[in-house]
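Novice: So you can see what is in the structure, the chains are spelled out below.
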Amino acid sequence: MTGLLLEWLIKIAVVFAILLTAVAYLSYMERRVAGWIQIRVGPNRVGPLGLLQPLADGLKFIFKEDIVPLKANKLLYIVAPAAAIIPALMTFIVIPYGSEVVLFGKQIALHVTRINVALLYVLGLTSLSVYGIVLAGWSSNNKYSLMGGLRASAQLISYELALGMAIIGVLVLTGSLDLVNIVEAQRGYWFGFLPKWNIFLQPVAFVIFFLAALAETNRVPFDLPEAEAELVAGYFTEYSSMKFAMFFMSEYLNLITSCSLATTLFFGGWTGPGVNSYPWLSIVYFVIKVFLLIFLFMWIRFTFPRFRYDQLMRLGWKFLLPTAIANVVVTSTVLLLVN
Amino acid sequence: MDQSGIANYIPILIIFLLAIIFASAAIVLSRLAGRNRPTSVKLMPYECGVEPVGAARERQSVKFYLVAMIFLLFDIEAVFLIPWAVVFPGVLRDPSLRHLRFIFYGEMMLFMVVLFVGLFYVWRKGVLEWNR
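First to last, the protein sequences are chains E and F. Numbering that gives the first Met the number 0 puts the first residue of the first sequence at 0, with every later residue one more than the last. Numbering that gives the first Met the number 0 puts the first residue of the second sequence at 0, with every later residue one more than the last.
These are computed hints drawn from the structure, not numbers from a lab. Please note: incorrect hints may appear among the correct ones.
[Claimed, not checked] Only pairs whose alpha carbons sit at most 30 Å apart, straight line, appear in this in silico DSSO-like list of lysine-lysine: (1) Lys41/F <-> Lys59/E; (2) Lys62/F <-> Lys317/E; (3) Lys41/F <-> Lys63/E; (4) Lys73/E <-> Lys41/F; (5) Lys59/E <-> Lys73/E; (6) Lys73/E <-> Lys63/E; (7) Lys105/E <-> Lys10/E.
Predicted model only: the values in this text are computed from it and were never measured.
Construct all of the structure, not just a fragment, from the sequences and the given hints.
Specialist: Now the structure itself:
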């Protein structure tokens, strides 16, 4: 038991540290990608190639003045950023980021924990993030914040439906909520060359999942909650210092989680050529796949304009949701006929 | 490792505590390290530099409330689908359950039809129209 506990503690510490570093460097990557796409340089002054920029940002956040507006609901105002970041930090631990490796003569599975309701756990925690947003919007005593909070909550719950329905398409194929099982089911090849990834069986589900994930992470073209041209910064308009940083971090954490989940569900997670003989490669494959998806998210951000709110709601309710339900019907019908 | 064991939930508890510690540490740290010189102007609600007009918590469109209600309905239906989706491939693979196969499939399709009818009703009632 002690050995197991130690293993868990080490894994959690490593995952936690890597997540926080990744979040810091995603903010750097986002600005560099923005610069690259918009033909300008982006941050390149702090350290070589600007690589120390996240560190400077972090220090600056800590030393900034922490303002609580006069008429704000003080308790909720302080709790809101914590309510946003705590579920965001917790989601990643059920996602398998590699196969099994041998380290110090011990067989170690590369996932922090394995529970049989992992997918429900991830879905549940991502929906909890709406609380932080609503609390922040309401407690700030600011029109922009309230408007942003309301928009964000309506958007999150609308697209969560499509997201859940898209995932059911994958579930019908695998028959397990355990993410480790879902990855294992995608090992191997069809006809000897095409990897058995779910995206080839469920392309519609992937497109719906991807669009819904864009909306769930409040990213362009679905960034209505923080449309800077109309709402200043949306629900975190009044926030400053570390509290602002926490909202920022929780957004990037949700981005990482969404991309990891998309990788796990549709792109075979850590699977890839040579994994059986070199288990360490599995982490590399996983990171590359997640990284490419994150890059796609960033690319979209600097390519597409923002939706109008009624367009957003129309897309979510009148297109994505019916399509997702139809996808489940078609998938299960085909499964029934094939068997 | 047994995947259904309750012990596997211990890491979730650990990371929950760690996340709480991290969040409170971040709040306290910036409170201590940052300077604190509030002025009355600084503490005013931000409204693009103009004096705030009226109260911030004004009445909002009832649409948001409606969307929340429809969401609850459809989400419960989605939750109902998940256990079915988990069991369905197993039922198909098991030859001894062959006679149950069509009942298992048909009942969920019936449920899906009800779901579609519900969506259609909401649609026709104009709940999903935002620019009215």
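Novice: Take the hints in turn and mark each one as holding or not.
Specialist: The hints, checked one at a time:
Simply put, Lys41/F and Lys59/E have alpha-carbon atoms about 19 Å apart, close enough for the 30 Å limit, and the pair holds. Under the criterion of a C-alpha separation no larger than 30 Å, the hint pairing Lys62/F with Lys317/E is consistent with the structure, at around 16 Å. For a cut-off of 30 Å, the pair hint linking Lys41/F to Lys63/E stands: about 14 Å separates their Cα positions. For the proposed pair Lys73/E and Lys41/F, the alpha carbon gap of about 16 Å is at most 30 Å, so the pair holds.
In summary, the hint linking Lys59/E to Lys73/E is supported, as the alpha carbons are separated by about 24 Å, within the 30 Å threshold. As the CA atoms of Lys73/E and Lys63/E are separated by approximately 19 Å, the hinted pair is consistent with the 30 Å bound. For the suggested pair Lys105/E and Lys10/E, the alpha carbons sit about 14 Å apart, so the restraint of at most 30 Å is met.
Checked against the numbered hints given earlier, this structure breaks none of them.
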